[in-house]
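Novice: Let the sequences and hints guide you as you build the complete structure.
Quick note, the sequences are listed as chains S and D, same order.
Residue numbering for the first sequence follows full-length UniProt numbering, beginning at 1 and increasing consecutively.
Residue numbering for the second sequence follows full-length UniProt numbering, beginning at 1 and increasing consecutively.
Keeping only pairs whose Cα atoms sit at most 25 Å apart, straight-line, the calculated BS3-like set for lysine-lysine is:
#: 1; chain 1: D; residue 1: K113; chain 2: S; residue 2: K214
#: 2; chain 1: S; residue 1: K214; chain 2: D; residue 2: K79
#: 3; chain 1: D; residue 1: K148; chain 2: S; residue 2: K613
A short, non-exhaustive set of chain D residues, derived as facing chain S with CB atoms under 8 Å:
#: 4; residue: W23
#: 5; residue: G37
#: 6; residue: C38
#: 7; residue: G39
#: 8; residue: I73
#: 9; residue: Q100
Per label pair, the in silico range of CB-to-CB distance:
#: 10; chain 1: S; residue 1: E97; chain 2: D; residue 2: M1; range: 40 to 46 Å
#: 11; chain 1: D; residue 1: N114; chain 2: S; residue 2: T170; range: 49 to 55 Å
#: 12; chain 1: S; residue 1: P205; chain 2: D; residue 2: K148; range: 19 to 25 Å
#: 13; chain 1: S; residue 1: P205; chain 2: D; residue 2: K116; range: 23 to 29 Å
#: 14; chain 1: D; residue 1: K148; chain 2: S; residue 2: N663; range: 35 to 41 Å
#: 15; chain 1: D; residue 1: N53; chain 2: S; residue 2: T307; range: 53 to 59 Å
#: 16; chain 1: D; residue 1: S69; chain 2: S; residue 2: E684; range: 52 to 58 Å
#: 17; chain 1: D; residue 1: N53; chain 2: S; residue 2: T104; range: 50 to 56 Å
#: 18; chain 1: D; residue 1: E153; chain 2: S; residue 2: P210; range: 19 to 25 Å
#: 19; chain 1: D; residue 1: S69; chain 2: S; residue 2: G474; range: 51 to 57 Å
#: 20; chain 1: S; residue 1: D90; chain 2: D; residue 2: N53; range: 40 to 46 Å
#: 21; chain 1: D; residue 1: K148; chain 2: S; residue 2: K306; range: 52 to 58 Å
#: 22; chain 1: S; residue 1: T541; chain 2: D; residue 2: A154; range: 56 to 62 Å
#: 23; chain 1: D; residue 1: N114; chain 2: S; residue 2: N663; range: 30 to 36 Å
Keep in mind the hints are simulated off the structure, nothing from the lab.
Heads up, the beta-carbon is just placed ideally off N, CA and C, and yes, glycines get one too.
This is what each chain is made of:
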Amino acid sequence: MNFSRFVPQKQNLSRREFLKVSSLAAGAGFAIGSVPLVAGEATPAVQQGLGHFIKVTSDSLVTVVIKHLDKGQGVTTGLTAIVAEEMDADWSQMRWEFAPADATKYNNLFFGPVQGTGGSTAIANSWMQLRQAGAAAKHMMVKAAAKRWQVAPAEVTVAEGKIKHKSGKTLSFGDVASDVAKMTAPEKPNLKDPKDFKLIGSNIPRIDSPEKTKGKANYTLDVNQPGMLKAVIIHPPLFGATIKSLDKSEALKMKGVKAVVQTPRGVGIVADSYWTATQARQVVKIDWDESAAEKRGSKELWKSYKTMAREEGQVVRNDGDVTKAFKEAAKTINLEFEFPYLAHSAMEPMNCAVQIKEGQCDIWTGSQIPTVDQGVAASVVGLTPDKVNIHTQFAGGSFGRRAVPNADFVLDAVLIAKLSGLDAPINLQWSREDDMQAGYYRPMTYQEMKASFDDKGELSGWHQRVVSQSILRGTPFAGMIQGPLDMTLVEGGHNLPYAMDNIKVDGHEASVGVPVLWWRSVGHTHNAYSTEVFLDEVARTMGKDPVQFRLERLKEHPRHAGVLKLAAEKAGWGKKLPKNKAQGVAVHESFSSFVAEVAEVTVNDDGTYSVDKIVCAVDCGIAITPDVIKAQMEGGIGYGLGSCMSEAVTLTDGKVDQANFYNYFPMRMSKMPEIEVHIVQSGESPTGVGEPGTPPAGPAVANALRKFLKKPLTKLPFGDRLDLA
Amino acid sequence: MIKFKLNGKSVTYEGDSSKPLLWFVREDAELTGSKFGCGVAMCGACTMHLNGNPVRACSTPISMVDGGSVTTIEGLESKTAKAVQTAWQDLDVVQCGYCQSGQIMSAVALLEKNNKPTDEDINAAMDGNLCRCATYHRIRKAIHNASKSLAKEA
Ligand code: FES
Ligand code: FES
Numbered sequence: 001m002n003f004s005r006f007v008p009q010k011q012n013l014s015r016r017e018f019l020k021v022s023s024l025a026a027g028a029g030f031a032i033g034s035v036p037l038v039a040g041e042a043t044p045a046v047q048q049g050l051g052h053f054i055k056v057t058s059d060s061l062v063t064v065v066i067k068h069l070d071k072g073q074g075v076t077t078g079l080t081a082i083v084a085e086e087m088d089a090d091w092s093q094m095r096w097e098f099a100p101a102d103a104t105k106y107n108n109l110f111f112g113p114v115q116g117t118g119g120s121t122a123i124a125n126s127w128m129q130l131r132q133a134g135a136a137a138k139h140m141m142v143k144a145a146a147k148r149w150q151v152a153p154a155e156v157t158v159a160e161g162k163i164k165h166k167s168g169k170t171l172s173f174g175d176v177a178s179d180v181a182k183m184t185a186p187e188k189p190n191l192k193d194p195k196d197f198k199l200i201g202s203n204i205p206r207i208d209s210p211e212k213t214k215g216k217a218n219y220t221l222d223v224n225q226p227g228m229l230k231a232v233i234i235h236p237p238l239f240g241a242t243i244k245s246l247d248k249s250e251a252l253k254m255k256g257v258k259a260v261v262q263t264p265r266g267v268g269i270v271a272d273s274y275w276t277a278t279q280a281r282q283v284v285k286i287d288w289d290e291s292a293a294e295k296r297g298s299k300e301l302w303k304s305y306k307t308m309a310r311e312e313g314q315v316v317r318n319d320g321d322v323t324k325a326f327k328e329a330a331k332t333i334n335l336e337f338e339f340p341y342l343a344h345s346a347m348e349p350m351n352c353a354v355q356i357k358e359g360q361c362d363i364w365t366g367s368q369i370p371t372v373d374q375g376v377a378a379s380v381v382g383l384t385p386d387k388v389n390i391h392t393q394f395a396g397g398s399f400g401r402r403a404v405p406n407a408d409f410v411l412d413a414v415l416i417a418k419l420s421g422l423d424a425p426i427n428l429q430w431s432r433e434d435d436m437q438a439g440y441y442r443p444m445t446y447q448e449m450k451a452s453f454d455d456k457g458e459l460s461g462w463h464q465r466v467v468s469q470s471i472l473r474g475t476p477f478a479g480m481i482q483g484p485l486d487m488t489l490v491e492g493g494h495n496l497p498y499a500m501d502n503i504k505v506d507g508h509e510a511s512v513g514v515p516v517l518w519w520r521s522v523g524h525t526h527n528a529y530s531t532e533v534f535l536d537e538v539a540r541t542m543g544k545d546p547v548q549f550r551l552e553r554l555k556e557h558p559r560h561a562g563v564l565k566l567a568a569e570k571a572g573w574g575k576k577l578p579k580n581k582a583q584g585v586a587v588h589e590s591f592s593s594f595v596a597e598v599a600e601v602t603v604n605d606d607g608t609y610s611v612d613k614i615v616c617a618v619d620c621g622i623a624i625t626p627d628v629i630k631a632q633m634e635g636g637i638g639y640g641l642g643s644c645m646s647e648a649v650t651l652t653d654g655k656v657d658q659a660n661f662y663n664y665f666p667m668r669m670s671k672m673p674e675i676e677v678h679i680v681q682s683g684e685s686p687t688g689v690g691e692p693g694t695p696p697a698g699p700a701v702a703n704a705l706r707k708f709l710k711k712p713l714t715k716l717p718f719g720d721r722l723d724l725a
Numbered sequence: 001m002i003k004f005k006l007n008g009k010s011v012t013y014e015g016d017s018s019k020p021l022l023w024f025v026r027e028d029a030e031l032t033g034s035k036f037g038c039g040v041a042m043c044g045a046c047t048m049h050l051n052g053n054p055v056r057a058c059s060t061p062i063s064m065v066d067g068g069s070v071t072t073i074e075g076l077e078s079k080t081a082k083a084v085q086t087a088w089q090d091l092d093v094v095q096c097g098y099c100q101s102g103q104i105m106s107a108v109a110l111l112e113k114n115n116k117p118t119d120e121d122i123n124a125a126m127d128g129n130l131c132r133c134a135t136y137h138r139i140r141k142a143i144h145n146a147s148k149s150l151a152k153e154a
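Specialist: Put into C-alpha cells, the structure is as follows:
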C-alpha cells in the first residue's frame with residue numbers, strides 16, 4: 001500500500017484563504033466556507049472547492065461544521081463558540097455537525113493536506129479560520145438588513161442573535177439568510193477586538209452535555225444501519241506472528257454465523273449479533289507461525305535498553321561543554337528512570353462499522369485522521385478516496401489511540417467486509433482484551449539523568465539520555481522526522497527551559513516489534529517526569545527551595561514562570577503541614593501551553609499514601625471556553641496520575657501480560673484527588689488543552705512523596721505502597 | 001421462555017440463556033444508552049438496575065433477570081434520577097460521555113438508598129465505574145449537589 005500521499009507536510013500557517021458564500025438547497029439559507037487561495041493563481045477554482053463551515057437556515061439556526069473529532073475534549077463546544085462570538089449569535093441558536101472526510105476543505109492547517117485531530121491543535125488551527133467565517137457571515141447579514149431597511153450599514157448592529165436598527169426595527173438571522181446566499185463574501189471581514197468578546201471566555205455550557213447525560217449520544221458501538229451484522233476479530237497472540245492454518249468449520253456450523261475470514265491481520269468472524277460472534281470466536285482453531293514474532297519480554301527489553309544507554313546516542317542538544325563540566329565536577333548525581341509501556345484503554349474499545357456496496361465504501365467510526373482512514377480503506381477496497389464516505393461518530397475517548405498511521409482498526413473492519421464479500425453493513429467491535437493486547441502503546445522508555453556541581457556547589461552540567469522506540473519511523477508519518485532522531489523521544493527534554501550553561505541531551509531509538517503510538521502528550525509523558533523529578537533532586541542537593549530554584553532559572557521564560565508562581569501562590573506553597581503530609585511541584589510546557597501543578601500528599605506509616613489535592617495553573621492563551629479548559633486539566637491530571645501510580649503493560653516472552661481492567665489499573669474514584677484549576681489571563685492566540693495537563697501530574701506527586709523516601713521514585717508505576725525503609 | 005420488565009414494559013426472550021443482558025438490551029431491544037467497556041464487570045459502563053439494584057449487565061446472564069424488572073438509562077424517571085441528571089448537566093460532568101450512562105445509573109442507585117452519601121459512601125458505590133476521561137472530580141460534586149437538591153425538595 002502506498003501511504004505517501006497521506007504524509008503530513010510541514011506546518012502551513014501562512015496560506016491565504018478567502019471566503020465563499022453559497023446558498024443551501026431551496027433557498028433555505030446560506031453557507032459559508034473558505035477556499036484555499038494558491039498564491040499566484042489568478043482565478044482559483046472557487047466553484048468546486050467550497051468548504052462549508054457555517055450554515056444558517058431560515059429558522060435562524062446556525063450550524064457549525066466541525067472538522068475535528070470530539071473524543072471528549074469538548075471541541076464541538078469550543079469551535080461552535082468561536083463562530084457564535086464573531087456572529088454575535090445567541091448560544092441557544094447554535095448547532096453543530098461533524099464534517100465529512102475531505103482534506104481539500106477540512107484539513108488541519110497545521111498538518112498540511114491532512115484532515116486530523118491531534119497534538120492539541122483543534123482550537124489553535126481553527127481559530128482564525130472560523131473567526132473569519134463568522135465575521136464574514138455577520139458582515140453580510142448586516143449588509144442584507146441595511147438594504148432591506150434602506151439604511152446605512154453603520155446604523156445596523158447585531159447582538160444575541162438579533163439584527164437591529166437604531167430605530168428599534170429587528171430582523172432574525174433567518175429573515176436575511178436567503179438574501180445573504182446571493183451575496184459575495186468580503187475578502188477581509190473585520191474581526192472583533194478580543195476585549196469585546198462576550199461568549200469567548202464565559203462559562204457557556206458544553207453543547208453535548210444533554211445528550212451524553214441521557215444516554216442518547218451515538219458512538220461507533222451504537223451505529224445500527226438496516227441489516228447490520230456484527231463482527232469480532234482474533235489478532236495474533238504475539239506481535240509479528242502469522243497464521244499457519246485455520247480451521248473454521250465448527251464456527252461456520254453455528255447458527256447466525258455469516259462468515260469467518262482470514263485477513264492479513266487475523267481472523268474475522270461475522271455474525272448476526274455480537275454475542276454469536278463472540279461465541280463463534282471460541283471455536284475457531286488457529287495454528288500460529290511465531291517464527292518472525294517479537295519474543296522478548298520486558299526483562300530482556302530493559303536489559304537491552306540499559307546496554308544501549310552505555311553508548312552516546314544521537315545528540316540533539318549540546319550547549320556549552322558538558323564533558324568538561326563533569327570532568328571538573330566536585331560532585332555529581334545521577335538517576336535512572338524506567339517507564340513501562342502504557343495502554344490508552346479508551347473506555348470504548350476500538351471499533352469501526354463499514355459497508356462496501358455498489359462502488360462505494362461507507363465507514364462509521366470515531367475518526368481522528370479521516371484522511372488516513374479514508375486512504376487506507378480506498379486502497380483495500382480498490383476505490384478512489386472520494387468513494388469512501390466517512391461518517392464521524394463521537395469517540396468514547398482516544399488519547400491518541402484513534403490516530404493510527406496504518407488505521408489499524410479501520411483496516412480490520414474494511415478487510416473483513418471486503419474478504420467476506422458481504423454487502424451488508426458490518427460493525428466490528430474489539431473486546432477489551434483485543435484493545436489491550438493488539439498493541440499501540442506509549443513506548444517503554446529508559447532514561448539516565450546526570451548532573452554535575454562545581455566546587456562552589458553550583459549546578460555546572462546537565463545530561464539526559466533517552467532510550468525508547470520511535471513512534472514515527474517505519475510509518476507513513478516518517479516524513480515528520482527531520483533530523484537523525486525521532487524527536488518524540490526527547491520532546492520536553494531537549495527543549496528544557498531552565499537556564500544552564502552546559503546541557504546535553506541524546507537519544508537512542510530501540511528497535512522492538514511492539515507497536516507504539518502517541519499517548520496523551522506523547523514524549524512529554526516521560527520527559528516531564530524525568531526532568532522535573534531530577535530537577536528537584538538537583539535543588540535538593542543545592543539546598544534550594546524547588547519553586548525558587550525553578551524561578552531563578554526561568555527568567556527568559558515568563559509563561560513558565562507565570563504558571564509556576566500562580567500555582568504556588570494558590571496552593572499556599574511552603575505552608576506548614578502535618579508531619580505525614582507534603583507538597584511537590586512540577587511545571588512543563590507541551591503543545592505550546594504551559595502548566596504548573598502543586599500536589600499535596602499524605603503518606604501513612606505502612607507506606608500507603610493518597611494524593612489529596614492538585615492545584616493547577618494553565619496558560620493556554622485566550623481561554624475560549626474556560627470550563628472546558630478546566631475539565632481538560634482535571635481529566636489530564638487524572639489520566640497522568642493514574643498512569644504513574646498504577647498502570648503498566650508488561651510482556652513475558654513477547655506476550656502482553658495484561659488483558660482487562662483486572663490486571664491493568666487506571667485511576668478510579670477513590671484515588672482521585674481534589675483538583676483546583678486556575679487559568680492565566682492572556683491575550684495570546686489560543687493553544688491546546690487536551691494533553692498539557694497530563695505531563696506535570698506524575699512528577700508533582702513524585703516530588704511530594706520524595707520527602708518520605710530515601711530516593712526519588714524512578715521506577716514507574718509507584719504502586720499502592722511505597723518503600724519507606 | 002424468559003420474561004421480564006424492561007423500563008416498565010414486558011419483554012420476552014427465547015434462545016441462549018447465557019447471553020448477557022447487555023447484548024439483549026442493546027441488540028434485541030435496541031436501547032443503546034448502556035455501553036460495553038470490558039465485558040467482565042470491571043468498568044461499570046453497562047450498569048443497569050435490576051429490581052432497583054445496580055448490576056453489570058455485561059456479566060448478567062439473561063436467565064438471571066427472569067421475572068424481574070430492569071431499568072436502563074432510557075427508563076430513568078424517578079425524582080432522584082432527575083436530580084442526578086440535572087446536577088450532571090449543571091456541572092458539565094461529561095467529556096467523551098461513554099462511561100456516563102453507567103456512572104449515572106450507579107449514582108442514582110446510590111442516592112435512592114442513601115440520600116446523604118459521604119465521600120466514603122461515594123467511593124464505595126462508584127469505584128466500580130471507570131472513567132478514562134477521569135471526570136471523577138465532577139461526578140463526586142454532582143452527587144453531592146443532587147443530594148442537596150433532593151433534600152431541599154423533600
Ligand atoms: S462492560 Fe460491563 S462492567 Fe464493563
Ligand atoms: S467521560 Fe469519557 S470515559 Fe468517562
